[in-house]
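*Asks:* Each chain, letter by letter, is given below.
There are 2 protein chains.
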Amino acid sequence: MERDFIRSRLLPLATSAAARGLADDAAVWTPPLGRDLVFTHDVLACGVHYLAGDPPGDIAWKLLAVNLSDLAAMGATPAGVLLGLGLSTAEDDVWRAGFTEGLGRALRHFGVALWGGDTVSGLAAAALGLTAVGAVAPDRALGRAGAQPGDDIWVSGTIGDAGLGLAMAQGAAPADTFLLNRFRRPQPRLALGSALAGIATAAMDVSDGLLIDADRLARASSVALPIDVAAIPLSSAAAARGDDLPARVRAATAGDDYELLFTAPPALAAAVAALAAPTRTPLTRIGRVTPGLGVSAWHAGADVTPARLGWEH
Amino acid sequence: MERDFIRSRLLPLATSAAARGLADDAAVWTPPLGRDLVFTHDVLACGVHYLAGDPPGDIAWKLLAVNLSDLAAMGATPAGVLLGLGLSTAEDDVWRAGFTEGLGRALRHFGVALWGGDTVSGLAAAALGLTAVGAVAPDRALGRAGAQPGDDIWVSGTIGDAGLGLAMAQGAAPADTFLLNRFRRPQPRLALGSALAGIATAAMDVSDGLLIDADRLARASSVALPIDVAAIPLSSAAAARGDDLPARVRAATAGDDYELLFTAPPALAAAVAALAAPTRTPLTRIGRVTPGLGVSAWHAGADVTPARLGWEH
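First to last, the sequence lines map onto chains W and D. Just so we're aligned, residue 1 is where the first sequence starts under the working numbering, counting upward by one. Just so we're aligned, residue 1001 is where the second sequence starts under the working numbering, counting upward by one.
FYI, nobody ran anything at the bench for these hints, they're computed from the structure. The C-beta atom is built at its ideal place from N, Cα and C for all residues, glycine as well. Some clues are possibly wrong.
[Said to hold, decoys possible] Computed Cβ-Cβ distance ranges for the label pairs, DEER-style:
1) GLU312(W) <-> ALA1271(D): 52 to 60 Å
2) GLU2(W) <-> PRO1291(D): 28 to 36 Å
3) ASP303(W) <-> ALA1017(D): 47 to 55 Å
4) ALA145(W) <-> GLN1148(D): 50 to 58 Å
5) GLY301(W) <-> ASP1093(D): 27 to 35 Å
6) ALA97(W) <-> LEU1245(D): 38 to 46 Å
7) GLU2(W) <-> GLY1171(D): 27 to 35 Å
8) ARG1003(D) <-> LEU22(W): 51 to 59 Å
9) GLU2(W) <-> ASP1303(D): 54 to 62 Å
10) VAL94(W) <-> ALA1269(D): 32 to 40 Å
11) GLN170(W) <-> GLN1148(D): 54 to 62 Å
12) PRO32(W) <-> ALA1247(D): 47 to 55 Å
[Said to hold, decoys possible] A few chain W residues that don't get close to chain D, going by computed Cβ distances all over 12 Å:
13) ARG20
14) GLU101
15) ALA127
16) ALA135
17) ALA145
18) PRO226
19) ASP228
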């Protein structure tokens, strides 16, 4: 019965006053004075976004992380979340224990409160929703529109690791812990996103592939984003598995990176670079915004834009 | 493709500035100054909470209404919502058009903004989540704890209509438009809930059955709620189908009423009764809180508490 699951597994995680011991019809939260609030809701479906055999603790981590990555892309600091768990008979007690343990670890890791939500069972397959709420200084929220010709194009961290990790999770390649973790336990760039408010002209997180997401940012800003494929940052683990042009295009279209793609005026390049150390986030310039519309990929002076830019949903 | 569905069907509904044209990773909203915020998230699953053949516009209405009912129970005024639509192949273009038309009608009816969310397809069966955000005066949010011995027990509207409507929707009884609508298009008691802040000692919405929900309120408040079965308000349409003790117990355990159950000191009974006209909500006293723990049902001096109090989830 869901009431027992909520009491035994979710209530211990809902320690904030806002959650009211999960005893009321809704959560109540006093927002910080003089801040804008940022809201996002993402759904992970079994068989679509994760595999039935994936470790449930990692699914919980990813469910939280992909939503926090949306907050990071807006420059917001997370405060609380609501869960919408649609479960099937496949999510038995062992799965539920693993899921809630992983969720608790992730909530503590990111300093986020569980405020409430809903759990229903009897679905044909699990669908896991999460709403994340964060705060940002007034009128400082980042967005996809705002990139200007002449701006530098930046990306955080490394690109393509999660795509290689996915192939490993599917058994298509020998497992590597670093790359598997990049797929299963993404790290939303919260500190960087928060620091970019007031610096970046446009920002978004890379979830469907660097190129397709860059195309979305370009179209939202009505500019062109030519990407220097040779500049795309690869981890040493990824580079060891291929560093040629096809491998780099695969990385740039693989998705699930949860890195931040952003633009900033060249005059602020030193200010951007100075954020790498305090936010512990590698930052790489991968191109410069031009007039035009949409993304393109360039290598040794040639347009190498692939037909498929990433994942379409 | 979900991008086309979002652009053609959901974007026209997302007219508030907070939604940012659904073009960013998250919504941004400036909360009203000096208000607490209230958050709820409920999921409706196909085959569990509604039937595959139900009119999609009514499903959308109900998805919004059940969440707004949670806000009403807390005394909050709704501001915006986020959708988490998990769809299967059964939710084709015709279904989606009906769903979004019904959602638009409901959003306009209740004066609520669509801020954002997520749509995923490829599920085995639909699971529809919605997060509702509202505001309430500081420290005025209602809750289930707080009922005191001696308080009057009140309920809004009429009880049991939706249970009869469900039987009609399932083809188990001849259809009646009023009762079917009470099941398919519940009316959250937002005006009443807002007016009860500062008057009611405890409140919740009746979703699983008057008796089981009264039991929850009683236990959250550590009191007893003896309900006078003869006093439970029935609509004339429901009473015409049975007004004897078994029919009244069925009504009190049927659920899906989305009425408000609340307690208030007898000294405020006139103030409560005076809310009926401005909120256009019938209000009925159905008992008085006593020391003890849990709900009981009484008729002609006899304890008639049924074994099954309502829906357990």
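*Asks:* Does the no-contact call for ARG20(W) survive, Cβ to all of chain D over 12 Å?
*Replies:* 6 Å, violated
*Asks:* Verify the CB-CB distance for PRO32(W) and ALA1247(D) against the hinted window 47 to 55 Å.
*Replies:* Given range 47 to 55 Å: holds, Cβ gap about 52 Å.
*Asks:* Does the claim that ALA135(W) lies outside the interface with chain D hold up, using a Cβ gap greater than 12 Å?
*Replies:* About 9 Å separates ALA135(W) from the closest Cβ of chain D, which leaves it inside 12 Å; violated.
*Asks:* Could you tell me whether the CB distance from GLY301(W) to ASP1093(D) stays inside 27 to 35 Å?
*Replies:* 45 Å Cβ-Cβ, so the 27 to 35 Å window is violated.
*Asks:* Range hint 54 to 62 Å: satisfied by the CB atoms of GLN170(W) and GLN1148(D)?
*Replies:* Roughly 59 Å apart at Cβ, these two residues keep to the hinted range, so it holds.
*Asks:* Mind verifying the non-interface call on ALA127(W)? Its CB should be farther than 12 Å from each CB in chain D.
*Replies:* 4 Å, violated
*Asks:* I want to verify a distance hint. Is the separation of the beta carbons of ASP303(W) and ALA1017(D) within 47 to 55 Å?
*Replies:* Check failed, 38 Å falls outside 47 to 55 Å.
*Asks:* Using the C-beta atoms of VAL94(W) and ALA1269(D), is the stated range 32 to 40 Å upheld?
*Replies:* 52 Å, violated
*Asks:* Given the range 51 to 59 Å, decide if the beta-carbon distance of ARG1003(D) to LEU22(W) lies inside it.
*Replies:* At roughly 36 Å between Cβ atoms, LEU22(W) and ARG1003(D) fall outside 51 to 59 Å, so the hint is violated.
*Asks:* For ALA145(W), is the shortest beta carbon distance to chain D beyond 12 Å?
*Replies:* About 7 Å separates ALA145(W) from the closest Cβ of chain D, which leaves it inside 12 Å; violated.
*Asks:* Compute the least Cβ-Cβ separation between ASP228(W) and chain D, then decide whether it is above 12 Å.
*Replies:* Consistent with the label, ASP228(W) stays out of reach of chain D, its closest Cβ about 24 Å off (over 12 Å).
*Asks:* Given a hinted range of 28 to 36 Å, is it respected by the beta-carbon distance of GLU2(W) and PRO1291(D)?
*Replies:* 31 Å, holds
Taken one by one, the earlier hints fail for this structure at numbers 3, 5, 8, 9, 10, 13, 15, 16, 17, listed in ascending order.
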